[in-house]
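So the protein sequences, as listed, match chains A, B, C and D.
Residue numbering for the first sequence follows our numbering, beginning at 1 and increasing consecutively.
Residue numbering for the second sequence follows our numbering, beginning at 1001 and increasing consecutively.
Residue numbering for the third sequence follows our numbering, beginning at 2001 and increasing consecutively.
Residue numbering for the fourth sequence follows our numbering, beginning at 3001 and increasing consecutively.
Read the hints as simulated data drawn from the structure, not as lab findings.
Glycine included, C-beta positions come from ideal geometry on N, C-alpha and C.
It cannot be assumed that every hint is accurate.
[Claimed, not checked] In silico DSBU-like cross-links for lysine-lysine, where the CA-CA straight-line distance does not exceed 35 Å:
#1 B:1444 to A:641
#2 A:634 to B:1361
#3 A:641 to C:2149
#4 A:641 to B:1361
#5 D:3029 to D:3267
#6 D:3267 to D:3049
[To be verified] One side only, chain D facing chain A, incomplete, derived with CB under 8 Å:
#7 3094
#8 3110
#9 3130
#10 3147
#11 3277
[Claimed, not checked] Computed from the model, here is a short list of chain C residues facing chain B with C-beta under 7 Å:
#12 2138
#13 2158
#14 2161
#15 2168
#16 2183
#17 2187
#18 2190
#19 2193
#20 2196
#21 2201
As a plain string of letters, each chain reads:
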Amino acid sequence: MNTAIILALAACSMALIAALAPLLLRQPVAQRTGLSLLLAASGLLAMIAGICGLILGGDTLILPLGLPWMPMHVRLDALASFFCLVIGSLLLPVAIYSQGYLRDETRLTSLAIFMPLFVLGMLGVVLSDDAFTFMLFWELMSVSSYFLVTFKHENLENRKAGFIYLLMAHMAGLLILGSFAVLYAAAGSFEFSAMREAAISPFWASAAFLLAGFGFGTKAGVVPLHGWLPEAHPVAPSNVSALMSGIMLKVAIFGFIRVCWDLMGSGDFQWWWGALVLAAGSSSAITGVLMALQQHDLKRLLAYHSIENIGIILIGLGLSMLLAHFGHPMLAALGLVAALYHTINHALFKGLLFMGAGAVLHSTGTRDMESMGGLIHRMPWTAALFLVACLSISALPPFNGFVSEWLTFQTALMAPQMGGALLTAIVPFSAAMLALAGALAATCFVKVFGVVFLGHARSEVATSAHEVDNWMKVGMAIPAVFCLLLGLLPVLFIPLMDRVPQLLLHASLADSIHAHGWLWLTPIDVAHSSYSAPIVLIGMLVLGGLAFWLLHPKGRTIRRSVMWSCGNPHVNARMQYNATSFSQPLRRIFAGIYRAEEELHIERSRHKLLADSVHYAVHVGDMAVQYLYQPIGKLTLYIAKLLQHEHQRGIHAYLAYTFITILFLLAVYI
Amino acid sequence: MNLFLATLLSPLLGGLLLALINNPRLAARLNVVTGISTFIFSVLLALEVLGVKSVDAMDGWFHLDAYNVFLVVLTAFVGMTTTIFSGPYMRHELENGRVNERRLRLYHSMFQLFQFGMLLGFTTNNIGVLWVSLELATLATVLLVSLYRTPASIAAAWKYFILCGMGIALALFGTVLVFFTSSAVLGHGNEALNWTALYAHAAQLDPAVMSIAFCFLMVGYGTKVGLAPMHAWLPDAHGEGPTPVSAVLSGLLLNLALYALVRCKMLVDGSTGTEMAGHIMMGFGLLSLAVSALSLHKQRDIKRMFSFSSIEHMALMTFAFGIGTSLATFAALLHMTVHSLVKSAIFFTVGHAAQAMGTQKMAEIRGLIRHHPGIGWGLLVGVAAIAGFPPFGVFTSEFLIFTAALESYPWTTVPLLLGLLVAMAGLFRFVQPMVYGETPDYAKHVHVNMTPVYIHLSLALLLGLAIPGFLADWYHQAAALITMVAPSAGGNA
Amino acid sequence: MSAILIQQLVDGFAALMLLTSFALLAQHRMLSVLHWFAGQGLLLAATAAIVAYGTDNEELYISALMALLLKGMLLPWLLRRVIRQLHVHREVEPLMNSSMTMLVALGVTLFSFHIIQPIEKTSLLMTRDSMAIATACVLLGMLMMITRKKAITQVIGFLAVENALFFAAIGATNGMPLVVEIGIAFDVLIAALIFGLFFFQIRTTFDSLEVDTMNAHLIHKDDDE
Amino acid sequence: MSSASVQIIQAVMLLLFAPLAAGFISTCKARLQNRRGAGVLQPWRNLRKLFKKEVVMAHHASWVFRFAPYIVFTATLMAASVVPALLVDTPLSLTADVIALVALLALARFFLALAGMDIGTAFGGMGASREMTFSALAEPAMLMSIFVLSLSAHSTNLTTMITHTINTPFALHPSLAFAMVAMVMIAVAENGRIPIDNPTTHLELTMIHEAMILEYSGRHLALLEWAAMVKLLLFSTLIVDLFMPWGMTAQADLTGVAIALGLWMVKVAGLLFVLALFETSMAKLRLFEVPEYLSGAFVISFLGLLSYYMLEVGA
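Pulled out of the complex, with its shape left as it was, chain A reads as follows (with noise of 0.2 Å):
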């Protein structure tokens, strides 16, 4: 019993202890200290206990709850504690944040029940060892995190993106529950250390991924089945949704690599699984990007970015897994080490993109773009930290995303030749998407600063927009400075990754990465590629300050005056370009994907060619809500409808169907 999973337990047992506390606690200030201070708790101990699980290596532990013949097995091996860690480095920083952003709700009872339950529920599933305990735990997380998405049930977007969100949990959940049940069937225990050791035929393996493929991507939000995503992510309260889509949508990446490639014999999978994974991936990333540029809600901006994420990590394991098959066990520990990267620097600053995504709300009152503007004048400190993410989520230089894309381009460009020609022919095609992804993605979040932080206010709800307090501001400072940290500093983080495809593959790439030292990344060997953050950080720091010294004589002040705009000094707000405007280019590229519907109406009271007003809006339709959910919606309803005339008839009819059956229970069996 090591420190680390004491460690952890002690996470789960603070945030039970969370969850408990509002039945004691009664008024509002005293429920959000005690919420924002155990979960920060769990939060702390949760990054330590990873912390010391991947250096001091796991451990396994039965608690005595459960059914009678089949206790709880917990383990906390590399896997469990990386996860851990990433569920602790953006629990700390929201927990702190959430103090700050409840203080003006008054009913805080059913949130301070329920967010300690979902971060229980995350936990839990984490560090379970068996299919009970994982499934109890797994759906304990959907149902708390239903239960956040509805909390503000008043208005009916949430309890319609509440209902599709708990239908599309819990179908993963069966899901799920099929794959547990057919790793079960062959391995004669719920036990995940029984099921390790079972051998599985190829058919049944297959079958078990398909099953836990499509179950855990339902809940991580891989394309077909990602419509739930940006309707509930954006409805709940900013802290929620920073933990949702930081954390929750790893947890589920953490159940399809803890399926998928730790219990069913780790390493040799088939080669169509990978080309699956990859062509998900890739069609992920490119499909969240491309509807996240035509959003006006911020939130569900951000939302669908998460599923453009989602889409890279599974890049990068869908390349693991195709080297894994073709006998590149360096290259595959390679790709999972950049899958897992991008899984924490994911984590962090798209929870710092929610959490400044809260702060605006929480002082504008707003979520719709088209209303804010210049914000950088009002709430500073929130800018500069939200510009913090906007750079590390469009993989530039000295941040963190670039790391994470950079291993995974490199993964890709280092893959030598791979089966037939349709495989050396998608890995590089995925490469290219990945690329095309990125550079969206920077393009989407020039959109985002520029319109929300930049240029005038574009509403009176925006001029009166006011700074947040200090517990926000140091809630948001802490991913930031993880997200520097993490850009700067990969070759000290990815040994402690590194453990993971020790676990995985029993591939390891600590000795290339520190082959020349703690400043140089190097993945496999110097002469193929090699990337240093610092060297290019301090240059640039080094070239920025002799340039701003020398082009500084002496007393020459900056003259400010109106903006030039060409000599047309009377510009108003509404001339700036805003959200939809910004994406209209890529509106008409892609517009074969959109299908956008435009509505327009001009008003012409005087003449034909003189408009009053011009009303022009646009709204882009997510392809999977239309062309998936709905049908299915449908089609239901239609049998339930033709069942409904069944019990409309008389007593007669049901008489008759009485008489019926017997007569043909009769015919058939005797």
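With chain A held as given, fit chains B, C and D onto it using these hints.
Quick look at chains B, C and D alone, frame taken from chain A:
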């Protein structure tokens, strides 16, 4: 043996006494006292029986073993909590003039008579007396369903009476057929109708007659369990009757019918040696799951909707008993317990909700959480429990049913999963708007007694998280008893 | 009386039983249905007495007497009183016209003979093919309930099924044990009382005994949105 | 001379020669259009003038607008110093491989676009939107051409690629040819040259790069102009390095460096002349024809990849 008689007679005496008392307040309190006394006696009886594995009383007329003693305790417990709930509920109905003193008296006495019929049915060793007790329970419920004397409730009662009457007649014919073969082996006395004797000589019974008998018994008791396509009476009976009756009806009466069906299955398996009975039950289970899950989507009345949910869960239990392995039977017994607890809790909350909003039409019930947090959250958590979300017991039992199904008949897991998903969608489709949103202005304040609901839900929670040791091996004994006779695949675990 | 004679008598009564079931199906007027039903009750009592005598089993005499009192006299009298008070007359089949019902009835009888076929070979009791007839009567009783509109005729159908069951109990198994017998009789009696109770309520609330009007009240609850 | 000193010379050289290169292109175009042109040193004069001029900024311009020029200039300069022009193996070449180089330029572009949007004029937003969209579409083509090159050299480090191309005997590899064409097309798009964007014009509706720096004045404008010129020279050096690196010295001795410098100047001048020729003969594409141009570049680079696998792998 006095414990056994006490358990049986206390509801009978209570019923008779209540028939005489006119003052509603006193009657309500006596009703609760009778419920509590029955429960206490049943618990003592259970402790005694468990010590000695099985007990025969009154020279073979009554037989108690691990299987039916657990059902007796469950019936008594849910009966007790329903009496507690029905106190304030019926007083509210009295004030609103939906029921007068005379009919309230009828309600109390019939309620206890129903309870007596249930306990008699579980404890008797004689399949004839089992049929009589079921008939008695049906007659009591007919009067209870038509309590309000509204046109709809009378029509519902009539429909219930005709359909169940016919169903039970078929079951009687099945019993006669069983007696026809058993008298050839065991002679003409009562001996030929006792479960214990029948099991001992199951092999000598004529398989052809037994399979015909099972067909009649299946359709007969199947009607009472509410399996499709004989389920038409259930939604109306639930919809029109007073809520305590619906709670008891779906919580307990269906269990008794299913108990009888499983007894017959054990018998038929013993004599035919084939898996015919199991397959028929699984077929009916899947059909009812499909029908109920789909018709959940098209309901307008809150109680009718939850009655379809009862059909869905009875279908799951029939399917599990049909599989026959000891894991499946364990799961079915657990499901039966948790379903009774959670479904009756839901009906209590629904009763209060309907009274608060003054209507049973789901379109007009809104903003329960805002109106009365107890009702709102109670309903939401109850529906989450019944839909099979952890940490409640329904999730555990559905998980075990699923794995048992996968072990013996893997292809059945697909319709099972689909059915569960569609049912969950249907339930939440209606519950969500009812629970959330702003409170409408026509909502009245109503005196609410939510303690039974909280007791039931916490018990279900306990069953989900960590099933207590004694209850687990209680199920194991019952499962072993049931599968020991059945020739089907040897049960593991 | 020798065993063979008793056997022939029981078979004769079984045939008469089948005849009454068919007759009940064919009647149009309410009173004639009632008369046939009373006839069936008497027939049952006679069969019970004969079988009791044949197997000199005393319990059976009591159930024969109960059958005579209950099914032969009390129920028909009760129903006639109700009919006269509610002055109900013609009866129209909603589902199928009478010839169609007859065809179905024949089919059902043949079917029940077919399913009872394997059993007959093994039974030793003196009532060889009465089980087949009993099954037929049960199914015909159900058919009658299905094809009738009026509540009263449905009740008579239900009681016909009970009669068929009673006949099965006596004919095939020489009578169920007494306790069970009393229980069944007791239930049938309560059922009849409740029917009586219902008729008056249905009459007052629906002012017609048509089953479909009652259903209308249930159906409106489920109108489409 | 140690390689570090060559590194510094190289960086300073790139910085100083950039305006000359820009001047060289404009004079070539002038000569081709029968005009005298303003002479090669004109960009130098502009920069000197701008450095002395007073900076005027809008009232509500934020710190992003103020520091963007410095970040853009330093990022581009950092990228330039990483690219080996004369010496094959410079100490800084390890800090960033080709992908990191592209990312540095992306960082510069990111801040430029933000600065464009900061003032809140229509032109700034238009420029930012178009710049980001078209550069995003250029990314996959750029990466695919790098991919083709790295396939043969099995690396993305510039030094390894250069040494690999120098050592292998000269042979016409179709994949390299395709990659070169794609790279040139991308370079033209990235630097906002004629078919995509007209660097000389201030015609509001057509300009992309100019629109973003419309609001700048004084030394900020100078820095941005200079950065654009350095970027042009950087891309031409990159193309020279990857496709015709012969003549670059391996050792850091004086004679080697001098020869390398001479050869480098000749090669870059030739490349820029071809660019000027291309620009005078081509008119600017309609705005929404640019995606076709860029997807054309992507298809060409993908052909390069296929030809590498079909033809060269076998050889």
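Against the structure, the hints:
Simply put, residue 1444 of chain B and residue 641 of chain A have alpha-carbon atoms about 34 Å apart, close enough for the 35 Å limit, and the pair holds. Restraint check for residue 634 of chain A and residue 1361 of chain B: the C-alpha separation of about 23 Å stays at or below 35 Å, so the hint holds. With a CA separation close to 27 Å, the supplied pair residue 641 of chain A and residue 2149 of chain C stays within the 35 Å bound. For the hint pairing residue 641 of chain A with residue 1361 of chain B, the CA-to-CA distance comes to about 18 Å; that is within 35 Å, so the pair holds.
Of the pairs offered as hints, the one joining residue 3029 of chain D and residue 3267 of chain D holds, with about 18 Å between alpha carbons and a cut-off of 35 Å not exceeded. In summary, the hint linking residue 3267 of chain D to residue 3049 of chain D is supported, as the alpha carbons are separated by about 30 Å, within the 35 Å threshold. Evaluation of the residue 3094 of chain D hint against chain A yields a held restraint, the C-beta minimum of about 5 Å falling below 8 Å. Look at residue 3110 of chain D: its Cβ gets to within about 6 Å of chain A, closer than 8 Å, so that hint holds up.
Using the Cβ-Cβ criterion of 8 Å, the hint placing residue 3130 of chain D at the interface with chain A is satisfied: the shortest such distance is roughly 6 Å. The beta carbon of residue 3147 of chain D comes within 5 Å of a beta carbon in chain A, closer than 8 Å, and the hint placing it at the interface holds. This hint is violated: residue 3277 of chain D has a C-beta 30 Å from the nearest C-beta of chain A, more than the 8 Å allowed. This hint holds: residue 2138 of chain C has a C-beta 5 Å from the nearest C-beta of chain B, less than the 7 Å allowed.
Here the hint on residue 2158 of chain C is kept, as its CB sits about 5 Å from the closest CB of chain B, short of 7 Å. Hint on residue 2161 of chain C holds. Least Cβ distance to chain B is approximately 5 Å, under the 7 Å limit. Here the hint on residue 2168 of chain C is kept, as its CB sits about 5 Å from the closest CB of chain B, short of 7 Å. For residue 2183 of chain C, the interface hint holds, since its Cβ comes within 7 Å of a Cβ in chain B; the closest pair sits about 4 Å apart.
For residue 2187 of chain C, the suggested interface contact is upheld, since its CB lies about 4 Å from the closest CB of chain B, less than 7 Å. Using the Cβ-Cβ criterion of 7 Å, the hint placing residue 2190 of chain C at the interface with chain B is satisfied: the shortest such distance is roughly 5 Å. Evaluation of the residue 2193 of chain C hint against chain B yields a violated restraint, the C-beta minimum of about 9 Å exceeding 7 Å. A hinted interface residue such as residue 2196 of chain C counts as satisfied when its beta carbon comes closer than 7 Å to some beta carbon of chain B; here the least separation is about 13 Å, so the hint is violated.
At about 6 Å, the closest approach between the beta carbon of residue 2201 of chain C and any beta carbon in chain B falls short of 7 Å, and the interface hint on this residue holds.
Checked against the numbered hints given earlier, the structure breaks hints 11, 19 and 20 and satisfies all the rest.
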